[in-house]
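> The sequence shown begins at 485 in this note's numbering and counts up by one.
You may find that some hints are simply not true.
[Unchecked claim] DEER-style ranges, computed between Cβ atoms:
1) Gly544 <-> Gly518: 20 to 30 Å
2) Asp525 <-> Gly692: 24 to 34 Å
3) Gly521 <-> Glu622: 39 to 49 Å
Simulated from the structure, these hints should not be mistaken for lab results.
Positions of the beta carbon are idealized from the N, C-alpha and C atoms, including for glycine.
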Amino acid sequence: MDIRHWMDGFTAAVRQAFGGRVYCIGLQGSRARGEAGPDSDIDTVVILDRWAPGDWARYGAVLDSLPGRERVCGFVSGRDELLCWDAAELFGFYYDTVPWYGDLDALKTRFTMADARRAVHTGACGIYHACAHNRLHEKSADLLCALYKSAFFTLRAAYFCRTGRFVRAKRDLLSLLDGDERAILAAGLDGASGSFAEQSDRLLAWAGGLIRTYTA
């Protein structure tokens, strides 16, 4: 799939359906990062002036008219809801979105470095909680693998907090990390080594360190 060509068609279809109500259209996820495989999701962003009940059917019709409909997912909302979103989530949302139409510049005043730090703390808490539960109860290698992969987003936020630089792609971030951080991201990309217990303990130790470091 030529994602640029697809997004151009998607953007034209959304604008035709909603006219001047469109505030922003964008792309997120692996396709925005240049990391997508043939079957990767298409993570779209559509922000309207407001999102009304009748808009669901209209937007659904737009999606049904496009190739690759089964792979489309993503975020929709009204403008005011987005501007009032949790600031720690807006930090990642803003930097992870590649605008195709309009922009998200109004979001830049809605979060601070303190919110980015909270994003790190929240992400680390979520990983720690899930990993501890899995270590004791589920004992699922697949879940542990998914947690390693999800660590990328927390690593990226932590790097931003230290440097003020947002790195969108996983391999680009890997080249900038060292020590435990590099090992965690490398495991998420290429698979972790060691037993289930060793892999779990490594992830728990890393997440626990972030929880202590980035607490409010």
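> The structure should be examined with respect to each hint, and the outcome stated for every one.
Tested hints:
1. With their beta carbons about 29 Å apart, Gly544 and Gly518 fall inside the hinted range of 20 to 30 Å.
2. About 31 Å separates the C-beta atoms of Asp525 and Gly692, a value consistent with the hinted range of 24 to 34 Å.
3. The hinted window of 39 to 49 Å between Gly521 and Glu622 is violated, with their beta carbons roughly 27 Å apart.
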